[in-house]
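With chain A fixed as given, assemble chain B onto it according to the hints.
This is what each chain is made of:
2 protein chains.
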Amino acid sequence: MSEFQQATIVKKANIYFEGKVTSRTVILENGTKVTLGIMLPGEYEFSTSVKEEMEIQAGRLQYKLANEQWQTIDGSGVFYVPANETFQLKVEEVVDYCCSYFNE
Amino acid sequence: MSEFQQATIVKKANIYFEGKVTSRTVILENGTKVTLGIMLPGEYEFSTSVKEEMEIQAGRLQYKLANEQWQTIDGSGVFYVPANETFQLKVEEVVDYCCSYFNE
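Top to bottom, those sequences are chains A and B.
Position in the first sequence (from 1) plus 125 gives the number in the numbering used here.
Position in the second sequence (from 1) plus 125 gives the number in the numbering used here.
For reference, chain A alone in the conformation it holds in the complex (with noise of 0.2 angstroms):
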């Protein structure tokens, strides 16, 4: 799906690490919450309180969840963090992403 329709989005920006994270929030339709967002080059951080889906849709990154190994994804691909746990990410070129949260 290339575009969101009878969505509502929040006109101000989530910004966070000085600018170098940065998302919209966006309702859907059905109720559920996403956010479009970008990363720089870089080393993040991120603790979940619920389920989340990352879709990775442009950029290159390695990403690290708890007790696992570093993971490559390149261009586009999908990984699933667990509520209320911390991953790590190493950005290597502007990442554009879809975040989806999961109350479940």
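I should point out that these hints are in silico values taken from the structure, not numbers from a laboratory.
Quantities reported herein were computed from a predicted structural model and do not represent experimental measurements.
Be careful, since some hints might not be right.
Chain copies aren't distinguished; within one or between two, either way the pair holds.
Subject to a maximum C-alpha distance of 25 angstroms in a straight line, what follows is the list of computed SDA-like cross-link-like pairs (lysine to any residue) [as the list claims (entries may be wrong)]:
1. Lys189 to Val135
2. Lys137 to Gln194
3. Lys136 to Gly200
4. Lys189 to Gly156
5. Lys136 to Phe212
6. Lys137 to Ile152
7. Lys145 to Gly202
8. Lys136 to Lys215
9. Lys189 to Gln130
10. Lys189 to Asn155
11. Lys137 to Glu229
12. Lys137 to Ile181
What follows is chain B alone, placed relative to chain A:
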């Protein structure tokens, strides 16, 4: 207005200047297009094809329209760029903007 409802958001980002300027294209319920974007500190030059309204939601920048002096926006403000014109920006603090396009 803090959010756009009943809108269409293009999933893929618009990425310029190696990610220092990025935006998301949003088509509003009335069919008009806006882009919600981020500019990191730096100096940039853009050109318009239609008249643009640049609404600064956060951050600090100086802007210069053709044949005018440099002007500063700190925190929030708006400026207009006529169609088919080049304008310059000096971004001093991460800028969160909303650009509207007027097909007059």
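Using 25 angstroms as the alpha-carbon threshold, which applies to Lys145 and Gly202: within, between, both, or neither? Both ways: Lys145 and Gly202 sit 21 angstroms apart in one copy and 23 angstroms across, limit 25 angstroms.
Can you give me the call for Lys137 and Glu229, within, between, both or neither, at a CA distance of at most 25 angstroms? Neither: 27 angstroms inside a copy, 27 angstroms across copies.
At most 25 angstroms between C-alpha atoms: does Lys137 with Gln194 qualify within a copy, between copies, both, or neither? So Lys137 and Gln194 fail the 25 angstroms test inside a copy (35 angstroms) and across (29 angstroms) alike.
Since the copies are identical, ignore which copy is meant and state whether Lys136 and Lys215 lie within 25 angstroms (CA to CA) inside a copy, between copies, both or neither. between (28 angstroms within a copy, 23 angstroms between copies)
At most 25 angstroms between C-alpha atoms: does Lys189 with Gln130 qualify within a copy, between copies, both, or neither? neither (32 angstroms within a copy, 36 angstroms between copies)
Within a copy, between copies, both or neither: where do Lys189 and Asn155 come within 25 angstroms Cα-Cα? neither (31 angstroms within a copy, 43 angstroms between copies)
When no copy is specified for Lys136 and Phe212, does a C-alpha distance of 25 angstroms or less occur within a copy, between copies, both, or neither? between (27 angstroms within a copy, 24 angstroms between copies)
Using 25 angstroms as the alpha carbon limit, work out where Lys189 and Val135 are close: within a copy, between copies, both or neither. Classified as neither; 30 angstroms inside a copy, 28 angstroms across copies.
Go through the copies and call it for Lys137 and Ile181: within, between, both or neither, with a Cα cutoff of 25 angstroms. both (22 angstroms within a copy, 10 angstroms between copies)
Checking an output row: Lys136 and Gly200, CA cutoff 25 angstroms. Within, between, both or neither? Cα proximity of Lys136 and Gly200: across copies only (15 angstroms, versus 28 angstroms in one copy).
Indicate which option fits the pair Lys137, Ile152 if close means a Cα-Cα distance not exceeding 25 angstroms: within, between, both or neither. Answer is both: 14 angstroms inside a copy and 16 angstroms across each meet the 25 angstroms cutoff.
When Cα atoms must be at most 25 angstroms apart, do Lys189 and Gly156 count as within-copy, between-copy, both, or neither? Classified as neither: same-chain Cα gap 30 angstroms, cross-chain 41 angstroms, threshold 25 angstroms.
Checked against the numbered hints given earlier, this structure breaks hints 1, 2, 4, 9, 10, 11; the rest are met.
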